[in-house]
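Chains A and B, in that order, give the protein sequences. Numbering follows the numbering used here, with no gaps: position 383 of the first sequence is 383. Numbering follows the numbering used here, with no gaps: position 160 of the second sequence is 1160.
If you're looking for bench data, these hints aren't it; they were derived computationally from the structure. Yeah, the Cβ is synthetic: ideal placement off N, Cα and C, and Gly gets one too. One should not assume that every hint holds.
Which bits of chain B does chain A cover? Going by a derived footprint, with three or more residues having C-beta under 8 angstroms, they are [unchecked claim]:
hint, segment
1, 1012 to 1020
2, 1048 to 1061
3, 1102 to 1115
4, 1194 to 1200
Calculated lysine-lysine pairs in the DSSO-like style (CA-CA distance at most 30 angstroms, straight line) [claimed, not checked]:
hint, chain 1, residue 1, chain 2, residue 2
5, A, LYS558, B, LYS1010
6, A, LYS353, A, LYS122
7, A, LYS413, B, LYS1220
8, A, LYS558, A, LYS326
9, B, LYS1003, A, LYS28
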Amino acid sequence: MNLFALLHVRLLSLKHRLKSFHGKEVIKPLIFFLIGLVFWTGTFIIFYRVLGYFQGIESLGDFLAAKLLSMVFLVFFSFLIFSNIITSLSTFYLSQDLQLIFSLPLSLSEIFFARLADTILKSSWMVLVFGLPVFLAYGTIYHVSFFFYGLCLVVFIPFLMIASSVGIIITITLIHFFPAKRTKDVLFFLSIIFLVFLFLFFRFLKPENLVDPERFASILDYFAAMRSFSSPALPSFWATECLLPSLQSSYKGSSFFYFLMLWSTSLGVLVTGNWVAARLYFQGWSKSQESRRLRLSQSGFFNRAIDVLVWPFSTSTRAMIEKDLKVFFRDTTQWSQLLLLLSLAIVYLYNFKVLPFDKSPIPSFYLQNLFSFLNLGLAGFVLAAIAVRFVFPAVSLEGEAFWIMRTSPLSLKKFLINKFWMSLIPLLALAEILTILTNCFLKVTSFMMVLSSLTIFFMTFGITSLGVGMGAIYPRFKHTSTAEIPTGFGGLLYMMYAMGLIGLTVVLEARPVYLLFTSYIQHTNLPLWFYGELSLAIFLIVVINSAALVFPMRYGLKNLSSLEDWG
Amino acid sequence: MIKLINLTKKFASLTAVDNLNLKIAVGETFGFLGPNGAGKTTTIKMMVGLLNPTLGTVIIDGKDIAQEPLEVKKIIGYIPDRSFLYEKLTAREFLQFVAGIYGFTKKQCSGKIQRLLRLFNLEEWEDELIESFSQGMRQRLVLSSALIHNPKVIIVDEPVVGLDPKGSRLVKTVFKNLTHAGITIFLSTHVLGIAEELCDRIAIIQEGKVIALGTMDELKNKDDEGLESLFLRLTGGEEVSESTAALNLRVP
C-alpha cells in the first residue's frame, strides 16, 4: 500500500505540473512537441529509407536489417544504463524529498521499488518515444501485423527493467565507496567520454561508404565486426532475437527462449537490486548528507596564467573573468563539455579532408569554392551549437548568487559586456581556425579565403551577442546542473535565431559569389549591376549582423534590470 | 543617512509594503521587526536595489537609489537572509572577487581579507571550496564580504540565521564596534533579543505598515512590557497561546 502511496505522490505532482500550463505557457511545451515530432518523423524516414535500401539488396537485406536492429538495441541498452546511473543518483540520493521519505515509517524495499519506478519513468521515456519510429519503420517495411507491436511492448518492459536495475545497482555500489556529489561529477565526465567515443566511433566507421557500392566488401566486414558486439549474453541480443522471427518469416531462432531469458533476468535483477539496496542504500544515503571537506590543490601556474590573461582589463572585469574561469575549470559539468566540442571540431575538419573531389563530374575548382561557401554555413552552425553550450548559459551560471552582482556597484551593462568579451575571444579564435583550416584542405582561391574569414569574423560577433543577450532574456538561475541551462525554451529559441542569422548571411552572399564564379569559369565579364547587387548584399549583411550584435544585448539588459525574482 | 519616503511595493493585488516612511540617522542601529510575510525582506530588497518600488523613494547618503544606483551600492554592505554564493570558489577567492568588483586590486585588499577571515574564524578554511561550508560558515563569509569595501551603511536581513551562539555573539560585537565607528546599520530580525541588545530604535511592521516605532524605552514604557510581549500583542501572536491551549496537547 505504501508503495502505491509513494507513486501516487509522484503522479499528483505530474498532474499539477500539467494543470499549471495555460495561456501563453502552452506555447513552450507546444514548440517542444513540434520539434519532437519533426525529430520523430525524421527518425522514421531515415530508418524507413535505410531498411528500404537494404530490402533492395538481394539475399543480404534481411541480414543487414537484423544487424541494424541488434545495433539499435545495443545502443539503447548502453544509453539506458548510463541514463539510469545518472538519474538514480538524483532519485536515490540527491532528491530533496528523501529527507521526508526516510523519516516516514516505510520499509527500505518500499522506498527502493518506488524510486525504481520513478527512475525507470524518468530515464526511459525518451528511448521509448524515439524508439517507436524505428520499430514502426521495421513494421512498415516488413508489413507486420499488430502482434509485432504488442510483442515490442512486452519485450521492452523487461528490457527497461534490466537496464534500470543494473544502473541502480551500479549507482548504489559506487555511492558506497564515493560521496554522492563527487560521483555525479565523475559520472557526468564518463558519460561525456562515452558520447565522444560513440560519436568518433561512428564517424570513423565512414557510414558514407554505405552508398558506395565499390566498397561493399568492407561493409560486410564491418557488419561481421559488429557481430562481435552482439554477445548472446546481452539483453540487447535477447530482445533482437525475440522480435526477428515476427519480422522475417525466414528467420530461424528460439524466440520464446529469449523472451523467457528477458523476463526471468529482469525479475532476477529486481530481486538483486532490492538485496543490494537493503545492505548498502541507507548507509550510502546517510553518507551523502555529510559535507565533504576538500582541500583544493593550489596550482600556482594556473593562478599566474589567469593573472597574465586578465592584466589588461579593469579591476572589476579582472575579478569577473578570474571568477568565471575558476568556476569553469572546477565544475566538471562545464569543462568536460569541451571534450564534446573537441570531437565535434575533429570530425568537422576530418569530413573536409576526406571529401572525394576526384570522383566528382563537376570541375573541382568550382566545387571546392562552393564547398568553402557552404562551409560558412556549417561553421556558423558549429559555432551556434558551441555557443548554446557555453555562451548562452553565461548569465544563468551566476545562479542564485546573482544577488552579489545586483547589489554591487558594477552596472548590469558592464556585467553583460564583460560576459560578451569573455565569450567572444575563444569563439572567434575557434571560428577562424575552423574556417581557415577547412579552406586550406579545400585549396580554395585567395578571394574565398578572405571572404569566408571576414564573414565568419563578423558573424561570430552576432552569434556571441545573441547568446549572451538571449541568455539574459531567458536566464535559468535556479538550475541544478549546468548542462540543463541550454535545454530550455530560451536555448531552443537561441538556436532558431542563430540559424536564421547564419542562413540569412549565407543566402545574401550566395548569389554574388555564384555570379562571380560563373563568370570566372566561363571567362565572361561581370555586368555593372553586379557591383550594385554585391554592395547591397554587403550592406544587408552588415545591417543584419549589427542588429544581432545590438538588440539581444539591449533586450537582455532590459530584462535583467527588471528581473525581481531569481532566488 | 537613510530615508524611506512613501515606499510601496505591490505584487499583483498584494501590497507587500504600504506607504512606508522612515528616517535613520548616521551611526544609528535600526531594528526592523515583524512576523513572517510582513514585508521586511521586500523593504530591504528595495533598499539595496534588488527590487524596484511600485511607488516612493529610497534615499541613502543623500542619493536616490533609483537615480544613482551604482553610487548608492558603493557605500552599502548587504547581508541577505539566504547566503547563495559561488560554490566553486574558496573563501579567500570569494573575498578577492567581491573586493575586485568594488575596484580593489588583490594587493590593496590582501591585508583586509586576512583580517576579516581571522575575525570571522574562517582562516582555517580559507582555501576550501564554499560548497563544503556549513550554513554558519557561509553566513560569516557573507558578513566578511559585506565589510570588505568599508561601507557607510550596512543593511542586513536576519544577521544571525544559521549561526551558533559563539557566531551570534561575534556578530553582535562586530555590529556594536561598527556603530561606534559611525556606520549606520539597518537590520531586520526575528530574534528579539538581538534587537533589544543592539538597536537604538525599532520599527515593528505588519502587513507592510509600520505599527510601532521608537526607542526601546519608548516602546517598553507604554505598558511597561517586554519587547516580546509588545511584539506578540501588536502582531496578533497572543492568539498562539490560546490556540495551543485549545489543542489540549498532552504528553503521554
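Counting residues of the segment 1102 to 1115 of chain B that have a beta-carbon nearer than 8 angstroms to any beta-carbon of chain A, does the count reach 3? This one holds; 4 residues, not fewer than the three required, reach chain A with a Cβ under 8 angstroms.
Hinted pair A:LYS413 and B:LYS1220, Cα distance within 30 angstroms: violated, 49 angstroms
Proximity test - 8 angstroms, beta-carbon atoms, the segment 1048 to 1061 of chain B to chain A, at least three hits: Holds, because 5 residues of the segment 1048 to 1061 of chain B bring their Cβ atoms closer than 8 angstroms to Cβ atoms of chain A.
Holds or violated: A:LYS353 with A:LYS122, Cα cutoff 30 angstroms? violated, 41 angstroms
Count the residues of the segment 1194 to 1200 of chain B whose CB lies closer than 8 angstroms to any CB of chain A, then report whether that count reaches three. violated (count 0)
CA of A:LYS558 to CA of A:LYS326, is that 30 angstroms or under? holds, 28 angstroms
Mind checking, does the segment 1012 to 1020 of chain B have 3 or more residues with a CB under 8 angstroms from chain A? That given contact is violated, which follows from only 0 residues of the segment 1012 to 1020 of chain B lying within Cβ reach (below 8 angstroms) of chain A.
B:LYS1003 and A:LYS28 were given as a pair; does the straight-line alpha-carbon distance stay at or below 30 angstroms? violated, 44 angstroms
So if I understand the rule, the pair passes when the alpha-carbon distance is 30 angstroms or less; does A:LYS558 with B:LYS1010 pass? holds, 20 angstroms
Checked against the numbered hints given earlier, this structure breaks hints 1, 4, 6, 7, 9; the rest are met.
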